[in-house]
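There are 2 protein chains.
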Amino acid sequence: MSATVYGLGVGPGDPELLTLKALRILRAAPVIAYPAPDIGDSFARMIVAPHLPGGQQEIAIRMPLGDGQFPKAEIYDGAADEIVAHVAAGRDVAVLCEGDPFFYGSFLYLYERLVDRCALQVVPGVSSLMACAGAAGLPIARRNETLTVVPAPLPDDALRARLVGAEALAIIKVGRHLGRVRRVLADCARLDGACLVERATLASQRIAALRDVGGDTAPYFSMVLVPSARS
Amino acid sequence: MSATVYGLGVGPGDPELLTLKALRILRAAPVIAYPAPDIGDSFARMIVAPHLPGGQQEIAIRMPLGDGQFPKAEIYDGAADEIVAHVAAGRDVAVLCEGDPFFYGSFLYLYERLVDRCALQVVPGVSSLMACAGAAGLPIARRNETLTVVPAPLPDDALRARLVGAEALAIIKVGRHLGRVRRVLADCARLDGACLVERATLASQRIAALRDVGGDTAPYFSMVLVPSARS
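So the sequences go chain by chain: A and B. Position 222 of the first sequence, counted from 1, bears residue number 222 in this note's numbering, the numbering being contiguous throughout. Position 115 of the second sequence, counted from 1, bears residue number 115 in this note's numbering, the numbering being contiguous throughout.
The shape of chain A in the complex, shown without the other chains:
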């Protein structure tokens, strides 16, 4: 009875951006768990689908989650109990995490419920931050620049406060906040060079200068990169 829960970073979307370690653990685990929308497919599971050996037990953690809302505690409580029951029965559980488990991941809600109850290992993954930068050909940060990563759902004032004086910038969770992000960047004279990256490394990937993008919403998986003004 020495089973382990793995927080498995599965990368930003391209199944080839899985690490060798994640692939090994994924294939060997008798149980996999993953976040999923209320209805429909799990993005994390879609990423690893080409690699699944078949015959694994699956736990879909279904979450009715709108943009900007935080998830329901009881759903994670239930999923944690289910995972702990597998571990107690000696079965390893691989929890699939889009990008990296510890970088703004929904895995964190499970982590805090599991860390004191079972053996747990985090396998780092390629984050969307690195994937977006690589796709756009925009270095994230260099030399002794400071990098600030700011979630777009923050109120305008908080966004602005974090942008003033920032060097390299990444604005994550853009989604329905696209219009606000564009306006606040313009207010702070940081719209020049700002780049919107949607669905990095997927076939539907889109990269554009934020200045040229119309509308007030972007896909949930999108990010704005703003190189340092001093570069």
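None of these hints come from the bench; they were simulated from the model. From a predicted model like this one, the values you see are computed outputs, not experimental measurements. Ideal Cβ positions, reconstructed from N, Cα and C, are used throughout, including at glycine. Take the hints with a grain of salt, since some may be wrong.
Listed next, with one range per pair, are the computed distances between beta-carbon atoms [to be verified]:
| no. | chain 1 | residue 1 | chain 2 | residue 2 | range |
| --- | --- | --- | --- | --- | --- |
| 1 | A | G78 | B | D38 | 51 to 59 angstroms |
| 2 | B | E58 | A | E112 | 40 to 48 angstroms |
| 3 | B | I39 | A | P64 | 55 to 63 angstroms |
Covered stretches of chain A, as calculated for chain B (at least 3 residues, CB under 8 angstroms) [unchecked claim]:
| no. | region |
| --- | --- |
| 4 | 20-33 |
| 5 | 94-102 |
| 6 | 107-115 |
| 7 | 119-127 |
| 8 | 131-141 |
| 9 | 149-162 |
Starting from the known structure of chain A, arrange chain B on it as the hints suggest.
Only chain B this time, still in chain A's reference frame:
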């Protein structure tokens, strides 16, 4: 004659944290290039050594580089010319990059010399930021927290300015700045919970509360993580 230069993220140290994509490109490339110290082994090459097929041409970009100094332009000029010559002759070149190529990587010195001269593709990798967090069991950032990544070589005043009001923090390039970093964090009341991670994912990995670490220097590959005070 449509050869490509690949900026290949090879991850933080564990050879198993290479991505499937990086492995494929690494194995197929007739030429590999990598940063190396003036004398001795290249860390980037050591990471991929178990995966090398043999028979590849190798370009070691040897740099006499002390902590805190920036490298000599003529060495990168020469390496870029050598790489461009291979590409012109139809040979792909895989440039090995520790962690991720665009996250404070020395690859950026090559990138700016190559991007207008040949086809170039960046393959994102697992960054030391994610590897250190996973190893230490310390989430980097969650929900709508802002993350600030600060290079330790900045002067005390600049370090302090970036720490004041910061939420989640990662201080990179710690090396010989360990003592200063400890002092400035204490000044800003952020020493509690600060964690030093050395050589993440390698056999020699060390993780300790910064408060308990003596001395004024850490290895070159080390980072201090400071969770958000509000977590």
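Taking the hints in turn, this is what the structure says about them:
1. For the pair G78/A and D38/B, the supplied restraint of 51 to 59 angstroms holds, since their beta-carbon distance comes to about 57 angstroms.
2. Between E58/B and E112/A the beta carbon distance is about 46 angstroms. The supplied range of 40 to 48 angstroms therefore holds.
3. Between I39/B and P64/A, the C-beta spacing of about 60 angstroms keeps the proposed range 55 to 63 angstroms intact.
4. Taking a C-beta to C-beta cut-off of 8 angstroms, the region 20-33 of chain A contributes 4 residues in contact with chain B, enough for the three needed, and the coverage statement holds.
5. Coverage of the region 94-102 of chain A by chain B holds. Counting CB-CB distances below 8 angstroms, 3 residues qualify, and the rule asks for three or more.
6. Counting residues of the region 107-115 of chain A whose C-beta lies closer than 8 angstroms to any C-beta of chain B gives 3; at least three are required, and the coverage claim holds.
7. For the region 119-127 of chain A, the stated coverage by chain B is satisfied: 7 residues place a CB nearer than 8 angstroms to a CB of that chain, which reaches the threshold of 3.
8. Check on the region 131-141 of chain A: 9 of its residues sit with their Cβ under 8 angstroms from a Cβ of chain B, so the three-residue criterion for coverage holds.
9. Evaluation of the coverage hint for the region 149-162 of chain A: fulfilled, as 6 residues show C-beta separations to chain B shorter than 8 angstroms, against a requirement of three.
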